[in-house]
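There are 2 protein chains.
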Amino acid sequence: MKRKDALALDRVDPFAKKRKLFKLPKGKIYLDGNSLGVLPKASIVRVKHLVEVEWGQDLITSWNKHGWWNLPQVIGDKIAKLVGAPPNSVAVADTISVNLFKVLSAAVALRPQRSVVLSDSGNFPSDLYVAQGLSQFMDGKVELKIVEPKQIINAISDEVAVVMLTETDYRSAYRHDMQAITAKAHCVGALIIWDLAHSAGAVPIDLMACDADFAVGCTYKYLNGGPGAQAFLFVNPRLQPSAVPALVGWWGHVKPFAFSTDFEPADGVRRFQSGTQGMINMVALDAAMDAWKGVSMERLYSKAVKQCAMFTELVEQQCGEFGVTLYGNRDFHQRGSHVCLQHEQAYAVIQALISRGVVGDFRTPNLMRFGFTPLYTSYVDVFDAAQHLYEVLSKRLWNRKKFSNKQSVT
Amino acid sequence: MKRKDALALDRVDPFAKKRKLFKLPKGKIYLDGNSLGVLPKASIVRVKHLVEVEWGQDLITSWNKHGWWNLPQVIGDKIAKLVGAPPNSVAVADTISVNLFKVLSAAVALRPQRSVVLSDSGNFPSDLYVAQGLSQFMDGKVELKIVEPKQIINAISDEVAVVMLTETDYRSAYRHDMQAITAKAHCVGALIIWDLAHSAGAVPIDLMACDADFAVGCTYKYLNGGPGAQAFLFVNPRLQPSAVPALVGWWGHVKPFAFSTDFEPADGVRRFQSGTQGMINMVALDAAMDAWKGVSMERLYSKAVKQCAMFTELVEQQCGEFGVTLYGNRDFHQRGSHVCLQHEQAYAVIQALISRGVVGDFRTPNLMRFGFTPLYTSYVDVFDAAQHLYEVLSKRLWNRKKFSNKQSVT
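Here the protein sequences line up with chains A and B, keeping their order.
If you use the numbering used here, the first sequence corresponds to residues 25 to 434, in order.
If you use the numbering used here, the second sequence corresponds to residues 25 to 434, in order.
Please note that a few of the clues may not be correct.
Put simply, identical chains are the same to the list, so a pair is met inside one copy or across any two.
[Stated by the list, open to error] Think about it this way: if two alpha-carbon atoms lie no more than 25 Å apart in a straight line, the pair counts; the simulated SDA-like pairs of lysine to any residue are:
id, residue 1, residue 2
1, K169, F283
2, K317, A66
3, K419, P228
4, K41, N353
5, K279, P111
6, K165, Q137
7, K330, A40
8, K426, F356
9, K174, E345
10, K102, F283
11, K47, R323
Rather than coming from a laboratory, the hints here were simulated on the basis of the structure.
Sequences and hints are given; from them, build the entire structure.
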């Protein structure tokens, strides 16, 4: 493949016009939208209005006047469309860890006779920590059991209360078979929680088609909601009347403004709200959701698959001799929207790339991760990134003091 | 008192210059800073920089480059100074309800043989809901017991695991005696959690002087952090090695970037962090904290006491005959920074006041609440607000269809 071939692909790319909705960082090829999505132009305007008019001028009246109060449900319904969830089943609130705690506590309470929370070693560590924290608090009444990703389906036994998995692995990009695993869980009477952190806005997801029980997900990666924007959670309508989280609060009360001293859960997913949500991040996210109008997740994913395959192929052709190898699944139709490469000097290589304006990230111990976000990643970005990697590796540009090892941040 | 007397007080007010740090709403007398504080000018600049430069341009590198990662601790240390807490004992994160859940779960785990969480009927309902949610999840192993505020001290028995109180009542403005109640709790071996939602930035608080175990608090009221800005929590250094919340996550791991599958809590208050925090609200709050430089809480509180007394006196002199009475404690040295009035048409009266630009709020069933935030509330604001209330009541301006009853929002 030549650079002109990449440019030709961009010219016929149906998503090319979406790229104009974002303020892309100047002089950079940004391949870290799987960690922090770029800034939508609409969010700049919306945040300014929130700060200067809604907060600055209208103040407390904005809770009604500017719809702050309902925003978690309004945005939830927008996200629902991207993950195959019906209206009133998705709420935006808090962080993934907090939401996971809420749905996990609700799920284990629905299976009081069972003692196992099952997950896999590819899950994002924070999800495992949430289960361990809950387990310790419950004096081991439930225990977290961790198996290898591909052993999950066979490990689902009738001791399992809850299966808790991340659909797309944050390193290997391996995608679980949601349909088969959910069916197996239900077959033995277990519940399932899907973490869609690396899936929502990246791959086609249909929560209702597989009849998932609960889900959580991130809005600051592929959904471009801004740094640390609130996470989302999904509760299957079938479970909404019976599921109650251990962590509740007045936003989840059936009549919050009655200020009753007794908690009575609201109907629907709203009972999974607890405290007052940060509105500046919330409106940035709401504006970011505009970019998803008219987007077919199937078509977007097929662009991602093409970009992941193209990047991997270019890297393997050009850089194989320099000790770089693909990490994870090679099947480009069973993986997420990022590519992870192994190299013994991964941290220094990533730092050298960043210094040239190609932004990916490092994951311990020896992984370089490159996210493809086809709403705004062009084919020529992919081509050029591979060329930069070739330059860095072939000229050993990573071998400089300034690229020495230190911590990085998701 | 005449209007010119109020103006004279403003001329010698040592806090008058602080008012210039805020964008006050045009044409309004804003007496709801106890619900949502006004917009600091510094926050406008800081949010714009966050959005356009840190998010828009520097993206993922901002976690290190712009100090996002450490901001919860940096702001925590600033808040610590206002509430008598040492460095590294306060963290900014999540919401009050989530933080209360964290510290309450840690506290009950430290008192496994005890079965009572004690609170009072004046506590903010969401706090009670948090305890009820935890109690239900624990199958009643701990039970919430609610008594009248003034009966708290006598209700602290050796069955009590945790005393959980809001220092300043959100309606009556009654302030608990932190020193005496904390001492009594410790005397019987119970732990204590103080909610400082209506105290931090309003009244002098000294967490270490009374040796409080845990505290939580709000940043979007008196601290002006912006709508729904993250809450804070305090853990006494004495308990930091032993207290572990039920809700944990990767931000509370001793080595978050090791991505280990086993949770190992960080030292200090950081273990009470869980997930990634929203940075737009966080920087707005950080900038808002600038206004507190050089502020003596004792002197600020004495201005608040003066304003509360002045407002109450003016209202009682002028409006007593129209059925309005003070709700709560009359002792202006044992109360918070707001005044609550009772009137049978409270909702309509508040609406009529808001339509004239005097913003207070309604609390069910018949309460009107007026917050005095002496960083930016002037004495003439207080005088004029009382005059508007007189106008509304004496001319029965509230008696109009457009002021009919409906829900309001904190």
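Evaluation of the provided hints:
1. K169 x F283: Only across copies: K169 and F283 sit 17 Å apart there, 41 Å inside one copy, limit 25 Å.
2. K317 x A66: Within one copy, since 13 Å is at most 25 Å while 35 Å is not.
3. K419 x P228: neither (39 Å within a copy, 62 Å between copies)
4. K41 x N353: neither (31 Å within a copy, 63 Å between copies)
5. K279 x P111: within (21 Å within a copy, 39 Å between copies)
6. K165 x Q137: both (9 Å within a copy, 17 Å between copies)
7. K330 x A40: Within one copy, since 15 Å is at most 25 Å while 62 Å is not.
8. K426 x F356: neither (35 Å within a copy, 61 Å between copies)
9. K174 x E345: neither (30 Å within a copy, 77 Å between copies)
10. K102 x F283: neither (30 Å within a copy, 32 Å between copies)
11. K47 x R323: Within one copy only: 23 Å inside a chain, 47 Å across chains, cut-off 25 Å.
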